[in-house]
Amino acid sequence: MVSIYDLFSFMLVVFVIQYILTAELERKRLQKRNKFLTFHDPLTNLLNYDGYINAVNDLVDNKKSNFVLLLLDFQDFKSINKESISCGNEILTKISIIIQTYFSNAVAISRYAGDRFALAIPTTENAVSDVQEILESRSLGYEVTYSMAMFPEEGSSSQQIITLAEDRLFQNKRVLWLKREEELFRSEKLKMVGELAAGMAHEIRNPLTTLKGFIDLSKSQSYNIGPWVDIITNEITRMNELTAEFLQFSKPHMSNMKPEPISGCLDRVKYLTESQAVSKGHCINLYNIDESILVVMDRDKIVQVLINLVRNALEAMVEPGHIHIQVKRMDTKHTVIEIQDTGKGIPEDVLPKIFDPFYTTKEEGTGLGLSICHKIIQDHNGILSVKSIVNEGSLFTITLPVI
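Heads up: the sequence shown begins at 1 in UniProt numbering, then just goes up one per residue.
Hint data in this document are derived by calculation from the structure and do not stem from the laboratory. Any given hint could be a false lead.
Here are the computed lysine-lysine pairs in the DSS-like style, where the Cα-Cα straight-line distance is at most 27 Å [as the list claims (entries may be wrong)]:
#1 333 - 270
#2 387 - 270
#3 258 - 333
#4 328 - 258
#5 280 - 344
#6 362 - 270
#7 219 - 270
Could you put the whole structure together from the sequences, leaning on the hints where they help?
Given below as structure tokens:
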């Protein structure tokens, strides 16, 4: 006869066995999951970097497996993923599904880094052309930069194939980056031309309106405009000066570009501006002028820049002051020209605008002077910059390449 104790013992044994079996199944499940995660991306369930390397190694070890290694870099992913990380994860998951759909014949697919994917596609007669057709037609829905390497035609080891594909991807990305930079530069140039044209039209319209007024007055009322001839002449002169300054935005002629000592330019600038400085009680000082420093330049253009900067410095000093000009080597490839005054300085909110065409704080002037200086230095592969403290003065710095 079975006692309650025996029944209880039997149930306990069954429970323990069931517990052990359940625990063992869970352990194996977790072990399998951990092993899966070791070689797979948890977001997309595709192979991760380690899984990708192992897959390529296995394919290379199997001498019968000829394949094309395809690397994909989704260029516009970062611009799309502006809202949040979760939004980015959704996009990556969507991309992985699209890739698996379009490349269903791939023997290995990996998300091996961020927005980069790697695929191993069996080599067929049309494998390369089929890949190009899919990617270049933007069938995936995203802009993608890609590269390919073929095994065994282009490498006998997994390392050779992977390195070749990575190098090609880098070069393709570089070409795309340079193309985008060129497009951006072109759009900036067009924008600048538009701003110049608009400013030029505005500046010329004013004197033309004045001239038209006098002509209309003379025509309708037979009015003698003799007393205003000087005004008319001044307006015509102003338009001529505007046109002349506008033409300064043209590039320097290459025939005028030759090695010149920077000291010669500074000596000429001091000679041309010293009388104006002395008449106002100012002093121009030259320091550390190394006559051995040579710059490939259009001498007249550089002198024009320096004269403009020195005259601006003279105008900025209401009380008798000093202009300090010095030249020093920045490194073996560059020299720096510094022009410092003890004038009233430039307000902080004005500094970012001073090189903009037609921007001026002077009652008279075209607002093209500093713009032209900036353009000339750029054409010489140099940099023109400024620092200023109100009521203490300004420091203009020109950096130029040396021979």
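To see whether the hints hold, each was checked on the structure:
no.: 1; hint: 333 - 270; result: holds, 26 Å
no.: 2; hint: 387 - 270; result: holds, 22 Å
no.: 3; hint: 258 - 333; result: holds, 17 Å
no.: 4; hint: 328 - 258; result: holds, 20 Å
no.: 5; hint: 280 - 344; result: holds, 15 Å
no.: 6; hint: 362 - 270; result: holds, 24 Å
no.: 7; hint: 219 - 270; result: violated, 51 Å
Going through the hint list in order, the structure does not satisfy hint 7, though it satisfies all others.
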